[in-house]
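**Q** Sequence:
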Amino acid sequence: MSESYDYLFQIALLGLDDIKVQNVIFGMTNSLVEEASMTSIGISFGVKSVEMPDFLVRFQVSNISNRIRFANMRENYLSHKQGAIIIIAQNNISEFHSLLSEVLNYSGSVPVELVLCCGVAFSKKLKLKTEEMQEDGLDLDIDIIFHPHDIYDKLARDIIEYYKHNNPKIKLNVLVSDNFFPNNQLSEFELDSSIGTFLDLLAEKITIWKSFNQGLAFQSCSARQSDSKPEGSIVSNQKVTLTELLKSMNLKTDSEYKFALVRNKIGLFKVSLSDEKVLFIPKKCFKCKYRRGECYRSLCIIPKNIGWSNLGLSKRHLSIISKIYFIKENMFHLDSTTGSENILTQIKNKKETCPGKKVNAKFKIKKIFYELDDFKNKIIDKKILKRNIKNGLHQLRFYIHQLRIKINQYSLNPIKYLRLILDKLRDKLFQINYIQSSDHEGSFSSLRDEMLAELRRLKDLIEEN
1 MSESYDYLFQ
11 IALLGLDDIK
21 VQNVIFGMTN
31 SLVEEASMTS
41 IGISFGVKSV
51 EMPDFLVRFQ
61 VSNISNRIRF
71 ANMRENYLSH
81 KQGAIIIIAQ
91 NNISEFHSLL
101 SEVLNYSGSV
111 PVELVLCCGV
121 AFSKKLKLKT
131 EEMQEDGLDL
141 DIDIIFHPHD
151 IYDKLARDII
161 EYYKHNNPKI
171 KLNVLVSDNF
181 FPNNQLSEFE
191 LDSSIGTFLD
201 LLAEKITIWK
211 SFNQGLAFQS
221 CSARQSDSKP
231 EGSIVSNQKV
241 TLTELLKSMN
251 LKTDSEYKFA
261 LVRNKIGLFK
271 VSLSDEKVLF
281 IPKKCFKCKY
291 RRGECYRSLC
301 IIPKNIGWSN
311 LGLSKRHLSI
321 ISKIYFIKEN
331 MFHLDSTTGS
341 ENILTQIKNK
351 KETCPGKKVN
361 AKFKIKKIFY
371 ELDDFKNKII
381 DKKILKRNIK
391 NGLHQLRFYI
401 HQLRIKINQY
411 SLNPIKYLRL
421 ILDKLRDKLF
431 QINYIQSSDH
441 EGSFSSLRDE
451 MLAELRRLKD
461 LIEEN
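Sequential numbering of the sequence shown, starting at 1, is according to the numbering used here.
Hints may contain errors.
Said to hold, decoys possible - Simulated pairs of lysine-lysine, DSS-like, Cα-Cα distance not exceeding 25 Å: (1) K171 to K125; (2) K210 to K252; (3) K125 to K154; (4) K169 to K205; (5) K258 to K127; (6) K164 to K205; (7) K205 to K154; (8) K205 to K171; (9) K48 to K20; (10) K283 to K265; (11) K164 to K20; (12) K265 to K169; (13) K154 to K20; (14) K210 to K171; (15) K169 to K124; (16) K127 to K164; (17) K154 to K171; (18) K277 to K265; (19) K129 to K164; (20) K205 to K129; (21) K247 to K210; (22) K205 to K252; (23) K258 to K277; (24) K169 to K154; (25) K48 to K129; (26) K124 to K164; (27) K164 to K125.
If you're looking for bench data, these hints aren't it; they were derived computationally from the structure.
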């Protein structure tokens, strides 16, 4: 990406997503993000360098999806483009009209290379019909090409010529290959009618292009000196909000719009929309009522913003959207984080330290502690004490018994866990002194004494170990 160049142009690649030739043409670029971005956000980015006899041209290519769900994004993606390649096929020849209209509306009357993919029979009919219309005054540049690779060379030469003379045009390139359309399904009449309609509409668009003079200057093509260096990504003044991108990626946010929620088969990723943190909750923790902060430590994901900077996002939003895309497209295996655990290792550690992990002794102990903690809160309630004094004492003995079983089962030193339980439970129990009830004073005092006796048994257990 560091090679020098003479001219830099931002261009759009448009067509139907299922046209094979479009994939071939974009495949000639050096892709800046994963191809999956085409289906997830409706655009993918690439760079193509073309070496001419006297200069080197670099194209920054935005491959834009035509899918309906991305319709609201195409205006942003087409803004400030300095040229376009529109690809159509003989079986959807009428589609070019709407694509040209989008270019005119959102980019202006920029140079356009219209690539018509067709078979030999179709091209012969088209040539004859074009010659007839040219005799009647049709001003149309038309070239026959035989390989998709030719289009970048032609665009490099034509776009500079167009801008030098401040005369952007639509040029028709006919890509002839029976590999794409070996059989002609139209009758002679249908073929003549289809080609005639196409050329009439094209002539209309050419007239509009000529009249829609924006006074484009050659400087607008971002000409650079031969020793200039690119900044590593596509640059423009487009403005796309983070909300629009999330919507186009079919992502939801939490109710407070603090996190973008990305779910997959291993769990839930919560990407903060304010501080770029990425929180991970294992799938088995979704209904875990003992979930604690261990699930919420942020994953270390290094953002990769290349290819996104032309969307006009802030640096923080660039980081956020790149992390979301990284997670959504499940690109963890590509992570090469150094100096800390890679993402797959981080995820594995989070899953193993989840409170819901059945075989993890540490969190089994903590789970019992959480139940004790919940019971301590209830024991302060007068009504509960009034109804369930004996039951409350029985529960405490049961949890102590469970603790002793877990300690023996996992051969653990209980001091680390039980001392914390001892301190917190003792503090809660002493709050019974502040319960004022003349009717049940004796019951409260008796319960307190019995429970403190249980705590002394815990203390003895700790000292024995």
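**Q** Hints first: check each against the structure and report whether it holds.
**A** These are the hints, each one checked on the structure:
A distance of roughly 18 Å separates the Cα atoms of K171 and K125; the hinted pair therefore holds under the 25 Å criterion. Taking the CA atoms of K210 and K252, the gap is about 45 Å. The hint is violated against a cut of 25 Å. Of the supplied pair hints, the one linking K125 and K154 holds, its CA atoms being roughly 24 Å apart against a limit of 25 Å. Restraint check for K169 and K205: satisfied, since their Cα atoms lie roughly 10 Å apart, inside the 25 Å limit.
Between K258 and K127 the alpha-carbon distance is near 59 Å, which puts this suggested pair outside the 25 Å criterion. With a C-alpha separation of about 22 Å, the suggested pair K164 and K205 falls inside the 25 Å cut-off, and the hint holds. As the CA atoms of K205 and K154 are separated by approximately 21 Å, the hinted pair is consistent with the 25 Å bound. Simply put, K205 and K171 have alpha-carbon atoms about 11 Å apart, close enough for the 25 Å limit, and the pair holds.
Proposed proximity of K48 and K20 is supported: the alpha carbons are some 19 Å apart, at most 25 Å. Of the pairs offered as hints, the one joining K283 and K265 holds, with about 8 Å between alpha carbons and a cut-off of 25 Å not exceeded. Annotation: proposed proximity of K164 to K20 is violated, straight-line Cα distance about 33 Å (limit 25 Å). Simply put, K265 and K169 have alpha-carbon atoms about 50 Å apart, too far for the 25 Å limit, and the pair is violated.
Under the criterion of a C-alpha separation no larger than 25 Å, the hint pairing K154 with K20 is consistent with the structure, at around 20 Å. Restraint check for K210 and K171: satisfied, since their Cα atoms lie roughly 13 Å apart, inside the 25 Å limit. Restraint check for K169 and K124: satisfied, since their Cα atoms lie roughly 24 Å apart, inside the 25 Å limit. At most 25 Å may separate the alpha-carbon atoms for a hinted pair to count; K127 and K164 exceed this at roughly 29 Å.
Between K154 and K171 the CA atoms are separated by roughly 10 Å; this keeps the pair inside 25 Å, and the hint holds. The suggested pairing of K277 with K265 holds, with an alpha-carbon distance near 21 Å, which does not exceed 25 Å. Restraint check for K129 and K164: not satisfied, since their Cα atoms lie roughly 31 Å apart, outside the 25 Å limit. Only pairs whose Cα atoms come within 25 Å are accepted, and K205 paired with K129 is accepted, the gap being roughly 18 Å.
Restraint check for K247 and K210: not satisfied, since their Cα atoms lie roughly 37 Å apart, outside the 25 Å limit. Restraint check for K205 and K252: not satisfied, since their Cα atoms lie roughly 41 Å apart, outside the 25 Å limit. A threshold of 25 Å between alpha carbons decides the hint, and for K258 with K277 the separation of about 11 Å falls inside it, so the pair holds. Distance hint between K169 and K154 is fulfilled; the C-alpha atoms sit about 13 Å from each other, no more than 25 Å.
Restraint check for K48 and K129: not satisfied, since their Cα atoms lie roughly 34 Å apart, outside the 25 Å limit. Taking the CA atoms of K124 and K164, the gap is near 33 Å; set against the 25 Å cutoff, the hint is violated. As the CA atoms of K164 and K125 are separated by approximately 34 Å, the hinted pair breaks the 25 Å bound.
Hints 2, 5, 11, 12, 16, 19, 21, 22, 25, 26 and 27 from the earlier list are contradicted by this structure; the remaining hints agree with it.
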